[in-house]
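Enquirer: Chains as they are written, first to last, in our numbering: chain S, 61 to 175; chain L, 53 to 165.
Calculated from the structure, these hints are not laboratory results.
There may be inaccurate statements among the hints.
As the list claims (entries may be wrong) - Pair by pair, the computed Cβ-Cβ distance ranges are: (1) S:N112 <-> L:A105: 41 to 49 Å; (2) L:T123 <-> S:S87: 47 to 55 Å; (3) L:K108 <-> S:R141: 17 to 25 Å; (4) S:A62 <-> L:S110: 38 to 46 Å; (5) S:P121 <-> L:E60: 34 to 42 Å; (6) L:P62 <-> S:R171: 38 to 46 Å; (7) S:I163 <-> L:R119: 15 to 23 Å; (8) L:S131 <-> S:G157: 46 to 54 Å; (9) S:K117 <-> L:P165: 40 to 48 Å.
C-beta atoms are modelled at their ideal positions from N, C-alpha and C, and glycine is treated no differently.
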Amino acid sequence: GAGVSQSPSNKVTEKGKDVELRCDPISGHTALYWYRQSLGQGLEFLIYFQGNSAPDKSGLPSDRFSAERTGGSVSTLTIQRTQQEDSAVYLCASSSGGLAGDIQYFGAGTRLSVL
Amino acid sequence: GDSVTQMEGPVTLSEEAFLTINCTYTATGYPSLFWYVQYPGEGLQLLLKATKADDKGSNKGFEATYRKETTSFHLEKGSVQVSDSAVYFCALCPPYNTDKLIFGTGTRLQVFP
Numbered sequence: 061g062a063g064v065s066q067s068p069s070n071k072v073t074e075k076g077k078d079v080e081l082r083c084d085p086i087s088g089h090t091a092l093y094w095y096r097q098s099l100g101q102g103l104e105f106l107i108y109f110q111g112n113s114a115p116d117k118s119g120l121p122s123d124r125f126s127a128e129r130t131g132g133s134v135s136t137l138t139i140q141r142t143q144q145e146d147s148a149v150y151l152c153a154s155s156s157g158g159l160a161g162d163i164q165y166f167g168a169g170t171r172l173s174v175l
Numbered sequence: 053g054d055s056v057t058q059m060e061g062p063v064t065l066s067e068e069a070f071l072t073i074n075c076t077y078t079a080t081g082y083p084s085l086f087w088y089v090q091y092p093g094e095g096l097q098l099l100l101k102a103t104k105a106d107d108k109g110s111n112k113g114f115e116a117t118y119r120k121e122t123t124s125f126h127l128e129k130g131s132v133q134v135s136d137s138a139v140y141f142c143a144l145c146p147p148y149n150t151d152k153l154i155f156g157t158g159t160r161l162q163v164f165p
């Protein structure tokens with residue numbers, strides 16, 4: 061597709077379950093970002109992948125959160141043992157080169173609700 | 053650390069009114085500055101950007117000028133429309149650490165006919 065694709069668009073899960081969120085970046089984009097948008101917290105950076113370099117995981121809030129990017133394209137964000145405070149919209153973005161002035165293109169997000 | 057501060061909303065205007073949404077930043081060096089918009093039910097979209105001091109970004113009638121002396125990037129539009137109702141986010145990308153956007157908290161704009 062032409063844009064960043066995220067799935068599922070909505071996910072409802074029970075506290076303690078694991079969830080996987082998927083992101084398909086724009087074809088050819090080497091940089092991929094995950095952000096979280098939650099009430100009261102605004103938009104916060106989670107993790108960044110650039111090419112074959114080691115990802116910057118500095119924004120991950122706890123060790124229950126992990127992400128991988130296979131083949132330099134699709135990325136999966138995994139949240140283990142979900143908690144109610146994990147409820148948020150998880151946004152994925154990609155850019156062509158990861159430079160400061162590059163435009164990050166965002167997907168529509170996955171709305172996660174933890175009951 | 054680097055940060056972005058923008059005015060709290062909601063901002064409520066009548067159609068054709070003048071819009072200003074204030075944004076100021078704290079950063080080392082010369083960051084790139086962005087305004088993103090999120091329409092109801094949609095993802096974030098880039099509205100405009102500026103990458104160096106005194107640059108003016110513009111798009112869809114919106115403008116913002118990169119002011120280094122006041123560390124500001126205020127968003128303006130001369131005549132808003134109902135279709136401009138959305139949440140607007142100011143953001144910066146540090147020049148030394150290009151792996152993230154640092155966002156403001158967002159400002160909701162509501163335009164009534």
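Enquirer: Determine for every hint whether it applies to the structure shown.
Expert: Each hint, compared with the structure:
1. S:N112 <-> L:A105: 41 to 49 Å: violated, 34 Å
2. L:T123 <-> S:S87: 47 to 55 Å: With a Cβ separation near 37 Å, L:T123 and S:S87 fall outside 47 to 55 Å, so the hint is violated.
3. L:K108 <-> S:R141: 17 to 25 Å: violated, 48 Å
4. S:A62 <-> L:S110: 38 to 46 Å: Because 24 Å falls outside the window, the suggested range is violated.
5. S:P121 <-> L:E60: 34 to 42 Å: violated, 24 Å
6. L:P62 <-> S:R171: 38 to 46 Å: violated, 21 Å
7. S:I163 <-> L:R119: 15 to 23 Å: Hint holds: Cβ distance 21 Å, inside 15 to 23 Å.
8. L:S131 <-> S:G157: 46 to 54 Å: Because 36 Å falls outside the window, the suggested range is violated.
9. S:K117 <-> L:P165: 40 to 48 Å: holds, 47 Å
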